[in-house]
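Put the complex together from the two separate chains, hints included.
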Amino acid sequence: MEQILEYSPILIQGTITTIELTLASAVLALIISFVVGLARFSSLRIVRVAAIVYLEFFRGTSAIVQMFFMFYVLPLFGVTFPPLLAGILACGLNLGSYGSEVVRSAVLSVSKGQHEAALALNYTNYQRFRYVLIPQAIPVMIPTFGNLLIELLKLTAVASLITISDLTFMSQIIRVQTALTLEPFLVILVIYFIISSVLVWFTKLVERKFSKGRHTITAKEG
Amino acid sequence: MEWSWQVVYEVLPSMLDGLIVTVQASLVGALLAYVIGLFLALLKMSKTWIIAKTSYWVSECIRRTPLLVQLYFLFYVLPDFGIFLSPFVAGVIGLGIHFSTYTSEVYRAGIENVPKGQWEASRALNYNAYQTMRHVILPQAIPPMIPPLANYLITMFKETPLLSAITVVELFNAANIFSNSHYKYLEPMTLVGLFFLIISIPAAYAAMKLEQKYKPKNAG
Chain B
1 MEQILEYSPI LIQGTITTIE LTLASAVLAL IISFVVGLAR FSSLRIVRVA AIVYLEFFRG
61 TSAIVQMFFM FYVLPLFGVT FPPLLAGILA CGLNLGSYGS EVVRSAVLSV SKGQHEAALA
121 LNYTNYQRFR YVLIPQAIPV MIPTFGNLLI ELLKLTAVAS LITISDLTFM SQIIRVQTAL
181 TLEPFLVILV IYFIISSVLV WFTKLVERKF SKGRHTITAK EG
Chain P
1 MEWSWQVVYE VLPSMLDGLI VTVQASLVGA LLAYVIGLFL ALLKMSKTWI IAKTSYWVSE
61 CIRRTPLLVQ LYFLFYVLPD FGIFLSPFVA GVIGLGIHFS TYTSEVYRAG IENVPKGQWE
121 ASRALNYNAY QTMRHVILPQ AIPPMIPPLA NYLITMFKET PLLSAITVVE LFNAANIFSN
181 SHYKYLEPMT LVGLFFLIIS IPAAYAAMKL EQKYKPKNAG
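Protein chains in written order, with the working numbering: chain B, 1 to 222; chain P, 1 to 220.
Please note: incorrect hints may appear among the correct ones.
[What the hints assert, rightly or not] Here are the computed lysine to aspartate or glutamate pairs in the EDC-like style, where the Cα-Cα straight-line distance is at most 20 Å:
| no. | chain 1 | residue 1 | chain 2 | residue 2 |
| --- | --- | --- | --- | --- |
| 1 | B | K204 | P | E105 |
| 2 | P | K209 | B | E56 |
| 3 | P | K215 | B | E101 |
| 4 | P | K209 | B | E101 |
| 5 | B | K204 | B | E151 |
Source of the hints: derived by calculation from the structure; they are not laboratory data.
All of these numbers come straight from a predicted model, not from anything done at the bench.
So here's chain P without its partners, still in its complex pose (with noise of 0.2 Å):
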């Protein structure tokens, strides 16, 4: 089996639309998994045990089955229903959702981290709920979320592939469609684990740089 420069020639065009396809579904569905993360972390923590306890299993359910099934789900099941999704917002959807599980626990250990004694003395300097977040502990508990929250986004980076089950073209699927057609898979195949490595080990190397920034300074 040869290295072939004339086959990279002709996949890399559609590869390069595909990463960009790549790209933005990681994007936006990292932007929902932050967004929806934030909403089922309050609802995790909801003082009314109902709401806390039953978020909490919704959760866990969503956490604990495979996001591919959950894409065939969004993808096969929602148009029975008549809610017809185009494969990228289904991708995107499901990306997100699947990952704000995820995020969710990264806000609430940060919240859940900010020792008692700092919730004690905003009501000891009598603040009111919007004071105490604000000035006391949101300061100290968006830092640590920062590292993981960016991990994340390079995991979800990694899980856009599944897209291509869903019929996506994103840059594996775009590589996997050209080796299907020509029968050629050593350099599409190897191109796409390429692209992988070369924005994922910068994109890792960033992360670490972030948590050493963002290391609590009182660690322990």
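Just chain B, same shape as in the assembly (with noise of 0.2 Å):
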């Protein structure tokens, strides 16, 4: 446990760079959950056809092919990230599109009603999502973004495979460097344990906040 402790730097270094990645990616995933799911919902049939073939495209290919993908074969076309672009890209595109699955089937999930009163008033198609459907789709999209963050965290570790020296990239330099095998593993499992908690417990209090004196359903993922 000693040889470990004098390991901490790093260990400190690749849990920072695991939570910047996973950061950094949430918030480009979020934007395009948005994006994506809601042009889904576009009277223009070019717009719906190219978030359907992102879709089927992020969601039907493995995360690990993509990133590899984007660190290998982009390159040669002259399109070069350094990794850590390389592995918010990737992760954020990979869960994006998860994540606009979430926010189409919440827009669908609020009830028919809300739809036919926002025609009636005849609200615009902007005006329509921006106050009528959208603050009532939120709520019900935010446990299974919560679900979707944890997926995020997990998945920043295969971004080591790409040489984006995060929390396992790090154990892996301690394993080599020392042949411990359980202490580094072990540890870094925790530190892991430990990020995915604090994002489960801000998932709740986000929960919360916006569940206030409303009644909710839980939006079905994928």
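This is the structure we're talking about:
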């Protein structure tokens, strides 16, 4: 265990990288979720088709394949990302596909009367979504978004395979340098558990804030 | 960068071998996840507080940490305790245990979603525990479980490339090994993506059909 303590600086650095990667890709995924999820309601066929192509592509292939593609194949076409950015893009784009389905099904779950009322009031499309549908859909999305946030954190571990020095990467360094196995992996499992528990707690907090005086149902995932 | 059919032709045989390993790993992993998940669900629903709590937290510890690290754990740590697993076995066990925490929630929700009145009615009819489960609860609880369980099979299929990190030569690793030794990335990586799409999109469509088929009749 003392040997592990010697390595605490790189473990701390790895933890910071993991958190950065998680938060940055969470923001990206959230933006994509809304843009793509709402694009599914567009009156333009091309926009709807583009959203479905994106969704099926990123949900249908494996995250690790997407990362390798971004890291090894895109540079062949002259598109080069630093590893961390490639990781953020891959994680964000991957999770965004699942998130977009959460947004879509949450909007659909708003009762039909609300859709009709907005039409009856002669609201424009923008007003209908902005003032009627989305505000009621958000509380439905939160629990599922919380689960996706945990999935995202776990996904960042995969980014260690494209040379991002996150927690998992650091544990491998310690394993190789010290020949210890149990300790480095156990330590990072505990750190991952703590980070996800904070995320779970945060989700509950947001959930409570948004569900005040409302009765909510959970959105369907994927 | 030009697409070369020659490379495709060279890499395809080893990728097809890899595909077989991927399918095997997904199926065996899913079977494990379904069985272990059932036990986990029963433990979580235990009337004994300590068993219910312990199994809940064990399950959360597994669900909240990355599968990749769990695989490393199985692969690197167990041999120190004299347990030697082949990479494939370690990978399948990892997949099975990780996803059992998800399937256990499916089982639990399935059973808990049977309305309370059904339990009461069985009691009123003087059914014993076996009859209650066999004739009243399970026939109502199982159909809604089928679509999510099928979806987890697809999810596990997409997670199998992680097994490459512990040296299992499945679809992705077969392509990656070729890429690294020939320094050709475009074709093998694109093919891996295509293989995944070709399998997972029809599978997702089939799962959607299952969902429609087993939609509860008294929804809401």
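Right, here's what the structure says about each hint:
1. A C-alpha spacing of about 18 Å is found between K204 (chain B) and E105 (chain P), which places the hinted pair at or below 20 Å, so the restraint holds.
2. Restraint check for K209 (chain P) and E56 (chain B): satisfied, since their Cα atoms lie roughly 17 Å apart, inside the 20 Å limit.
3. Straight-line distance between C-alpha atoms of K215 (chain P) and E101 (chain B) comes to about 19 Å, which keeps the hinted pair within the 20 Å bound.
4. Of the supplied pair hints, the one linking K209 (chain P) and E101 (chain B) holds, its CA atoms being roughly 17 Å apart against a limit of 20 Å.
5. Between K204 (chain B) and E151 (chain B), the direct Cα distance comes to roughly 16 Å. Compliance with the 20 Å bound is thereby established for this hinted pair.
Figure legend: structure checked against the earlier numbered hints; every hint is met.
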